[in-house]
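Asker: So the chains spell out like this:
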Amino acid sequence: MNRSFNKSQPLRNVDCNAVEVKSKYGAEFRRFSVDRVKPGKFEEFYKLILHIHRIANMEVMIGYADVHGDLLPINNDDNFCKAVSTAHPLLRIFIQRQEEVDYANFGTNTITRKKKAVVALRNNDVNRKRPHIRIGMPQDFRPVSSIIDVDILPESHRRVRLYRHGSDKPLGFYIRDGTSVRVTPHGLEKVPGIFISRLVPGGLAESTGLLAVNDEVLEVNGIEVTGKSLDQVTDMMIANSHNLIVTVKPVNQRNNVVRGSRISGSSGQSSDSSGSTDDLESDEDADIVIESSLKRPSQRSNASLAYQLHRDLNLHSNPALRHSNGSLHKILSSLKTDPRHSLALPRGGVEEDGTVITL
Amino acid sequence: MKRFRRHGQESQRDRLKQELFQFNKTVEHGFPHQPSALGYSPSLQLLAIGTRSGAIKLYGAPGVEFMGLHDENAAVTQVHFMPHQVELVTLLDDNSLHMWTLRGHKGLSELLEIGRFTLTGPPGAPPSVTRVTAVLAHTSGELLLLGTEGGHVFIVEVPGFRELEERNISLDQVAASVPDDYIGRRNLEHVEALQENPINPNQVVIGYGRGLMVIWDLEKRCAIQHIPATQQLESVWWTEDGSYILSSHSDGSYCRWMVGGEDVNDEEEKSDIPYGHFPCKAISKIIQLPTEEGPPFLLFSGGMPRASYGDRHCITVIHCKTHVALDFTSRIIDFFVIRDGLQHTGDPSALVVLVEEELVVIDLQTDCWPVIQTPYLVPLHSSAITCSHHVSAIPLKLWERVIAAGELQNTHYSKKPWPITGGQNLAPDPPQRDLLLTGHEDGTVHFWDASGVCLYPLYKLSTAGVFHTDADPNDNMNQGAEGEWPPFRKVGCFDPYSDDPRLGIQKIHLCKYSGYLTVAGTAGQILVLELNDEAAEQTVEAKVVDLLQGQEGFRWKGHTRLDVREEPVLFPPGFQPFALVQCQPPAVVTALTLHSEWKLVAFGTSHGFGLYDYQQKNTVLIKCTLNPSDQLAMEGPLSRVKSIKKSLRQSFRRIRRSRVSLRKHHVNNTAKLQEANARLEAELAEMELAPVQRKIEARSSDDSFTGLVRTLYFKNWLFPVLVYVKAFSDMSLHFLVGTNGGCVFAYMLRLPPVEHRADEPVTAQPAKEIQLMHRAPVVGIVVLDGHGAPLPEPLEVAHDLARSPDMQGSHQLLVISEEQFKVFTLPKVSAKMKLKLTAVDGSRVRRVGVAWFCSSRTEDYGESGLVVLTNQGDVHVVSLPHVKMQVQYPCIRREDVSGIASCVFTKHGQGFYLISPSEFERFSLSTCYLVEPRCLVEAPLHSGSSSQRRSQPDGASSTHRYTHAARRVMEHALLNDESEYSRERE
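Protein chains in written order, with UniProt numbering: chain A, 1 to 359; chain B, 1 to 986.
The hints are simulated quantities; they were obtained by calculation from the structure and are not laboratory data.
Among these hints, one or two may not hold up.
To be verified - Just some of the chain A residues that point at chain B, by a computed CB distance under 10 Å:
#1 Tyr-46
#2 Tyr-174
#3 Asn-221
#4 Val-225
#5 Thr-226
#6 Thr-234
#7 Ser-241
#8 Asp-287
#9 Ile-290
Every value quoted in this text rests on a predicted model; they were computed, and no experiment measured them.
Idealized CB from N, CA, C, for every residue including glycine.
Modelling step: build the complete structure from the supplied sequences, incorporating the hints.
Answerer: As structure tokens, then:
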């Protein structure tokens, strides 16, 4: 049983794995701890928060102060995990009621402003001058793209990873055939190439700002596209769409990453240009198996319900499956009564991992 | 050390791969697409066909086949065998001449191009001077006479293609001696025909387009006789005894001219327009052949009355009182007659006609001149092929019954053996009996013997009799009205016109052990048939199955389902239908499986799938796979047309409306309209200028139609009902279905015990549903047993033909989607391993089959593998059960969509695909199972009439088996050389 948080735990534990949490709702503070290594799932954390603050039937938005003092939301496993792992030494939680949430505060130095009134004044000025930048609903608050492998690629190339998380948002770009000039032993030679021809306004590709029209596509998930037809490259990109890594040669070479030192931060998920199979396997897209369903779950909410259920199952170790049935039903019913959960649960969650079983 | 060992293992695996796999395109079955020329060598008994794509194909006895391809992509216009030799000359559209030979090599003959030549005229001459229009291969075997568009005849020495300029017959030489009173002397036009005097090789007749014929002496180099015909010449024939020349003309007439020593008798002896009175079409070729006793045979093509029968393709045969106009269904390319006797100078025995879509051989020695069934060159496309199905290793019993049923259908064919018998077929007997079944647009299924090089027709099944169709059942093609003129007789089986496109066969499944067959068609009809050796009259009961299952909001806009005949129908011996399922809506059946052990048929259309118990004639299970959001699926195949019509109508209305409004607000709107027009034009220009681009959009769960748009309809691929111990839960029978949306449904079946099979119902319960996360269409499902080997076919174990599967170890389920191969372990259904195809090289799986590969070195080693064809036209072999890519070969051109769609795999690593509507290409991935022509053609052993022969060092091949024959040929050649030498000295 890897229940990661336990109310009966002493407040100040000598265990260095524990992260101290200071949770603030209105004027009330609560203190508890979570396991740094295995923080558990967001849904459980959310329930715990509601329980601790005794606000069980309220919809709230959980935020935390990150190392820079920015107020960032916690609304999924990813950012919950990030919050716990970066908490130093204390994880400060701010709870706002759903209807009172001021989204404009997120991502800005809200916390700092509150602490230092003088600075806040100046910040307000700045805010007034700058047009308000909308960074998206907190529900979508996930990494959408990253530049990876800066250390191993030539400076003129850029490897971009797009995270789709199974969201509705299309990848949002078009590719076309074209010709590019290459330096060969016989001098300059025109060779056929694949180029980005259009970005869909509001699409994922455009929102990252890392891809542009007329960028030449060199690789898709570590596989070179030379010698492949437009349709082949299209199919490759679509087949990898849940975790698309494209290496491009940007048409605008002025914004390239300047490599100061050899040791630059390469992301853990870097893919070698040789396209090692391990990396390809890592994006395991598990399939849903529905067992003897008397009626097919026709709506997504059911699927996410199943998913949620599965998450729960994973929490309990396998032999305990039967014992946990009771709590399972509890969660199930609680989910049913609370429509927000099933709706807020991102679709992409289903694609993460594991097998889904509906009973 | 570890590394070293792994390397060793890999190289061992590589060696094994070489022993197991190899790619060959072995033979082309069927009828060549767009034939353009025909040639025949009586001495070799070989037939040659040239095609518009530049291929040249030679056929002899069944199994003797050669194929060559010209480098130029030009049509072959003429093929001429060099008399009494193994060489042949082809003339191409681009005016080049090519010399081919059959060369012996390792005991087999191969067709080889040995020379090419293009006539070069004097500098400054127009190209027409050297444009070849007529070719005569002289019986000496050393000369080629080339008549040209400019009217000259060039003489070329072969095989070296040396121009003998001094012997050329120029137009001026001929024109000088033309009688002054001949009207056409100003312009004789091109050389239309060249013929040699059968009794004097030094005399040739040159026929000019304007009508004039000149008999020319090659030795004296002068004209002997002028024949002043005045109609446009079409062809010339010199009779066997050398005393007459027949000429045919563009007005549908033919004339007979006496050949006299002096230039006195230039009167035509006989002239006739056979189908006269009204203007007739040209007689393009005329032949007259003598018989031992009695009058000669006269054969000519064309000459039909222009107005009433100008569109018929006819060859007229006249002998004694018999006069028949053979009416072909496609354009006549050429024809020739095979004659009896060792020297091929006897009575005419068979007429061979090459028409655009088939080869027809008519027995001229049996009364009524019946057709001889062709063992090869059979038109596969007598009605368009809509699907194909291959069954390997047919049990002898079924084979014999199918053949017996087929023989009863072929009683109208001649009993005579195939008259073209050149060459020897050295291929070993096929190791097993294979059937290829082709489904056709007219509702027929053809059974072909696909064991060897010749794709031989065995049996033809028609399903049209079950339904009411528009065709009149009494519509007899063969008999014209009594006393009709011309006396037509329909010949040939090419009939591209389908009575009702709904009859088209889309899926076929034959159980080779039980003789049950199921076929499914375009209008959602599924027939279950049983092989019966007796004719039977029975009513076929129809069961209508509603696949929508109450789903509302769908409206089918396609064709209606077929009307079933209520009354009993007499079915001839063979496969007789006894059960019929009709899907509602009547969409194309996209998947079909028969399980004869359990007496179940599974089927699917774009709307859903079902399971039918053909013993109880009842449905076990029906499931609709539609989503309420999928409106598109309901529109049917005709909806596109309709929507275009609708949009046209709308745009017309819009125009009308705009006109009306234009009248109303005249001034106001002109400017607006112009503006709109300009905008539209700009948009159009932009559309045209924009490069081809592709949107990168992931398949999300909702738009399962990304697949549908591409393939036009949902496919529910069904796969066999399966038995195993460790399935999803316990020992049970299962039924698996894969869909276009990347979903696999599994059902658990309960069959009543055998004694209650007829009355207790079969039940199916949903067991599992697997939704592939990448949502690509499922194209195949394979269940692997405990050893990782694919499960055998139903009844295979019962017949002791397969090892019973390992039921102890855990089974695995291999799901093949367009993009991935994924292995799940059972019963938990957890993903074990996968092979990504699309994500790695962008290609998609189109066809997949399980095949058994044997090692070419060690007899006892073999392994099964997946054979895969991708949308790039590549063939891959993927190992089982580890799904690792083994080999990859390019096979079909990527652009050849119909070729890729038509591909079928056999159980032993071979495959077929259509290279044209009428031809199957056979390929092999196996080193052991290879069906390819292996044949030998020897140089003809000589001829009586012509005097000289040259030695054939290449043609007479020397194998161990045929050394004796070869030696004889050599001796003969030497003798001939001697005689030639002595003759020359004289």
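Asker: Run every hint past the structure and note whether it holds.
Answerer: Right, here's what the structure says about each hint:
With its C-beta approaching chain B no nearer than about 25 Å, A/Tyr-46 sits outside the 10 Å limit, and its interface hint is violated. The beta carbon of A/Tyr-174 comes within 4 Å of a beta carbon in chain B, closer than 10 Å, and the hint placing it at the interface holds. Because the closest C-beta pair between A/Asn-221 and chain B is about 6 Å apart, less than 10 Å, the hint holds. Because the smallest distance between the Cβ of A/Val-225 and any Cβ of chain B comes to about 8 Å, under 10 Å, the interface hint for this residue holds.
Against a cut-off of 10 Å between C-beta atoms, the interface hint on A/Thr-226 is violated, since the closest Cβ of chain B lies about 12 Å away. Evaluation of the A/Thr-234 hint against chain B yields a held restraint, the C-beta minimum of about 4 Å falling below 10 Å. Using the Cβ-Cβ criterion of 10 Å, the hint placing A/Ser-241 at the interface with chain B is satisfied: the shortest such distance is roughly 3 Å. Interface restraint check for A/Asp-287: the shortest CB-CB distance to chain B comes to about 5 Å, inside 10 Å, so the restraint holds.
Restraint check, A/Ile-290 versus chain B: the minimum CB separation of about 4 Å is within 10 Å; hint holds.
When each numbered hint is compared with the structure, violations occur for hints 1, 5.
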